[in-house]
Each structure stands twice: as C-alpha cells, then as structure tokens.
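Fit chain B to the known structure of chain A by using the hints.
Number of protein chains: 2
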Amino acid sequence: MFKVKVPATSANIGPGFDTLGMALSINNVITFKENKSGVIFEDVEDEYSNENNLIYQSMLKTWEYLNEPKKGVVISVEENIPISRGLGSSAACIIGGILGALTMSERTLSNEEILKIAMSLEGHPDNITPALIGSVTIATTVEDDIEYMKLDIKDQYDFYLFIPPVGISTEESRKVLPETISMKDAVYNVSRAAMLVATLLSGKQEFLTLALGDKLHQQFRSKLIDGYDELIEYMGTLNFLGNFISGAGPAVVGVAERGRYMGELQFKDWRIEKLNIDNEGAKIIR
Amino acid sequence: MFKVKVPATSANIGPGFDTLGMALSINNVITFKENKSGVIFEDVEDEYSNENNLIYQSMLKTWEYLNEPKKGVVISVEENIPISRGLGSSAACIIGGILGALTMSERTLSNEEILKIAMSLEGHPDNITPALIGSVTIATTVEDDIEYMKLDIKDQYDFYLFIPPVGISTEESRKVLPETISMKDAVYNVSRAAMLVATLLSGKQEFLTLALGDKLHQQFRSKLIDGYDELIEYMGTLNFLGNFISGAGPAVVGVAERGRYMGELQFKDWRIEKLNIDNEGAKIIR
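Going line by line, the protein sequences match chains A and B. The opening residue of the first sequence carries number 249 in my numbering; numbering runs sequentially from there. The opening residue of the second sequence carries number 249 in my numbering; numbering runs sequentially from there.
Extracted from the complex, chain A is given alone in its bound form (with noise of 0.2 Å):
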C-alpha cells in the first residue's frame, strides 16, 4: 500500500496558452493496494468507479509502455481538486496513474518518459507538467516529446481562487477558440508571455498586471463561465495585481501581492481558496 499526492495545476496563465502552468498547494491523494486481479474503487464515485477511470487508464498505459503485466488494484482517491473547473483534476488522475502503476511494478522513469506517457492520454502538455514537477513551468510539444523548463521563480504572491458551482467541460471550452487569429493579437501574446516569465523570474511584481495580457483565448472562454464580467468587476474593486481564467475555466484565479489582506471575499455562491504554488509536484508516500 501506498499513496500518490499530486497537485492541483492551472495552466495558461493568461498569455502562455498552452504554455504556462503552476502547480498549486491543494492535492488528490490516491492510495494503490495491491488486489489479486482485476481493478477495485473505494471512496469514488460510482460514475467514476470502472474500467475508464482516468487512474486506471493511465496505469494500463503505463503497463503497456513498459511491456509490463498489468496488476490487480484497489484505488481509492481523497479528492481535493474540484472537477471539470480548469484545475488539472485529469492532469492529477494521469499523473497519479502512471506514477502508481510504475511504483507498484517497481519500476522509475524519467519526467520525459513519464510526460511522454501522460501526453498520450492528455494532449496538452500545461497541466502534466506542473503536475509532475511542480512550480511554474513552460512547456510545448516537439513531435510526442514534450520539452519543458521548471521556473526558479520568487515566489511573492498570493493565488485566490474563484470556484463557481457549476463546471465546464475542457472539450466545450476548446471549441470557442478560432483557429485563425491576428499577427498583432500573437504579437500582443508573445511580448507578454516573455514579460510574464521574465517578471516571475526576476522578481519585478510592478510588471505583472501588463504581462498577465492575453487575446489569444480568455475573450471566448469567457463568455461560458456564467458571472465573469462581474466577477472581474468586483475583483477590480479590490487589491488583485491581476487575474486569470486558470486553464479551460471557469475557475478564475486573482493574484495578490503575497500577505496583503485581501479583505472577507464573498462572490455569490462561489467557492474563494487562497492557495501558493506548490514546488514540488506529484510525490509517492509509503
């Protein structure tokens, strides 16, 4: 028996679409028993309680690309990370998998193969990747390898995060994108997304409300989360250096400078968690 911790992630971070991501201090804890055959869930919902669960999958992928035998198991899962809100719950479950399937064969591999795996059964490379490491990090797809940078970043601020009660599937919310866009619209990302990684790194907080700018996909995406126009409202009302849809929404997450309070946050029937980046990424507990 033993547990699998991985981090809740927010990818995008309004310029780096498909880029950026941070690992955030909330988890799923997974806990792997070895079962004589077959899967068993405990603790999961019955939606999620059979063979196409998101773990499993992932640790039968992982058997597979390690011409391994597949083993019996009994997952349960302490969940933490709210689903379908653009806060990594996949990118968890996939990582969680392929990290207790590799344990359970006594077997490692390294972040490249491990992402490699992952990949497979994601698509985007930004959750995966904090997920796994941990922090801040930039990733992008070369073929099916994904070549990634773990951010040294000074860690200097605050991340509240807005819950709606209602979720949004990250298949809906990529059929708003346009396939096309403007040269100036990519222009306008890029010089952010370098401002961004730049104010991270250096520590220039008086950067970040300009290098948060983004055309490329908060304007569609926005318009599903029902509440945003007002939401941003009544974060502009307050102490925020900037916000962000976190990855396919519609979680928003506002940044404050690390300490400031912030006041008693109330936003309708939304859930408000003040969270920090997690450094570490997905860890195995025995």
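Everything labelled a hint here was simulated from the structure, so no lab data went into it. These numbers come from a predicted model, not from an experiment. Incorrect hints may appear among the rest.
Since the list gives no way to pick one copy over another, a pair counts as held whenever it fits inside one copy or between any two copies.
To be verified - In silico DSSO-like pairs for lysine-lysine, Cα to Cα no more than 27 Å straight-line:
#, residue 1, residue 2
1, K364, K463
2, K364, K319
3, K364, K432
4, K471, K253
5, K452, K531
6, K251, K471
Positioned in the frame of chain A, the structure of chain B alone reads:
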C-alpha cells in the same frame, strides 16, 4: 561639442517578433557642434545631407516635444552600423538625435519619454528600446507608450553577424508578412519566446536551440534574402547553437557558446562580424 554613441541592435531574436531586441557591440558615434542656425552635415553621404536626415528629424521632434526653440547644429557621423541590414541603423539615428537635442538644450527626459518620442518616429519598440538602454529588452506598446523590461541576462554567448552585400528596406520586409496566422503558430511562438527569456535569464544554454524557434516572420522574410538557405545549411555544419534573422533582415545572426572557436568563417561575399551584447546602450560623451 559632444558625441553620442548608440549601439547597433538586433530585433525579434527568433520567436520574439516585434518584442525582443538586443544591443550589439558596434556603435554609431554622432558628433554634435553648435552652429549659428540651420543644419550642416560633415562626413555624411550626400543622400542624407539634408533636413530629412533622420538624426536631424529626431532633434526637431524632440525640440517640438519639449517646446524648446530649435538650434543650429553641425552633425557628423562615424558610421559603423551597416544601413538597411536589419541592424537598427534607423533606431541609432533616432535615439542619437533625441539625446543630441536634449543635450544641446540642457534638458533631460525619462527613458519612457525618450522612447515615446522615438516611437512617434519609428513605429516599433523593439530596436529603439535596446538602442537606448542596452542589453536584451522586452518591449511592447500600450497606446502611445512603450512598456519595457531590461533583462539581466547571463552573458554567455558570442553573436556572429552574417551581413550580405545588399540591403532590404524594412518596409519591403514587412509587406511579406501575413495579417493572420494559425492559433497553432501563435502558441508555438508564445512557448519559444517564454523559453528564450527563461534561457537568457537562467543561463540554461541547453534550451537555446529550441527557444529560438519561430513561425511568425522568418519563414516569410527569409525568401527575400538571397543565399539564406545556403547560409543556414553552412551554419548547420558549424557549432552554432542557433540562428535568427536580425530585425527585418537581411543580416543573420549565429549564436555560439562564448569563446568557442568556430573555425575560419567565410560565406560568399558576406561580411562576418563577431559581436557581443552591449549592456550600456546609448551614451553621451563630452
């Protein structure tokens, strides 16, 4: 009598189209002498020895901005930056002229104001910013202002400039660019620009080749450069970490590990210069 020294600049730097720029270790040195009235040029080609001269136009623009009377001036130029090669010779004239006018009128302005005047003459922020402040810069326009960051980079590369005998006008080079691009190509450049900044700031040289990738401008502009494909092939046989078209071209920059012996470089009738980053930017010499 005083002089203003302004460095050559290389804009774009691969993925950083209209955003990134670096100052290089060759300079134009402009000498300003008071004159009773009007403008006189010494050691300047006939073509540029008139009131339309960009240095003089930049002086007029500065006096207009300051609401100062214009002064008579004798301008001479020690010209080391090749013209129409994508090496920022226009930006050097503009920044030189602004600093010349300020110095003659015993006035100072913030970098932000100097760049605002320069923008009204140049239209793009990516050469004028490093020409003024040196190093590698991220610059973007917000309405009429330039917002910029000067990067405190790890200075670990040599830059080899390959300069063809014939120039291209920036205007011509801008015409070949499409107005719209695919979202995929935009994301490609966002990720590379983010990685390039992280690479330059962290010193993680192993990412440089990947981080110089670009889909926004070089594939179009390279077609205007006679011998480009051959040059890239030639550079591929040598130990360059990567290459990029300097500004709008046609000069091409090869990036090498600092101090690495690159052999006896020769390519057609192109001039080849080994340069480094200029960290100071423009400087007034009395």
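Comparing the hints with the structure gives:
When the C-alpha separation of K364 and K463 is checked against a cutoff of 27 Å, the pair qualifies only between copies, where the shortest distance is 24 Å, while the shortest distance within a copy is 29 Å. Proximity of K364 and K319 under a CA criterion of 27 Å is satisfied intra-copy only: 22 Å inside one chain copy versus 66 Å between copies. In this assembly of identical chains, the alpha carbons of K364 and K432 lie at most 27 Å apart only when taken from different copies (20 Å versus 33 Å within one copy). Proximity of K471 and K253 under a CA criterion of 27 Å is satisfied in neither setting, with 33 Å inside one chain copy and 52 Å between copies.
Taking identical chains as interchangeable, the C-alpha atoms of K452 and K531 lie at most 27 Å apart only when they sit on different chains, with a minimum of 25 Å there against 31 Å within one chain. In this assembly of identical chains, K251 and K471 lie within 27 Å of each other by CA distance neither inside one copy nor across copies; the values are 39 Å within and 56 Å between.
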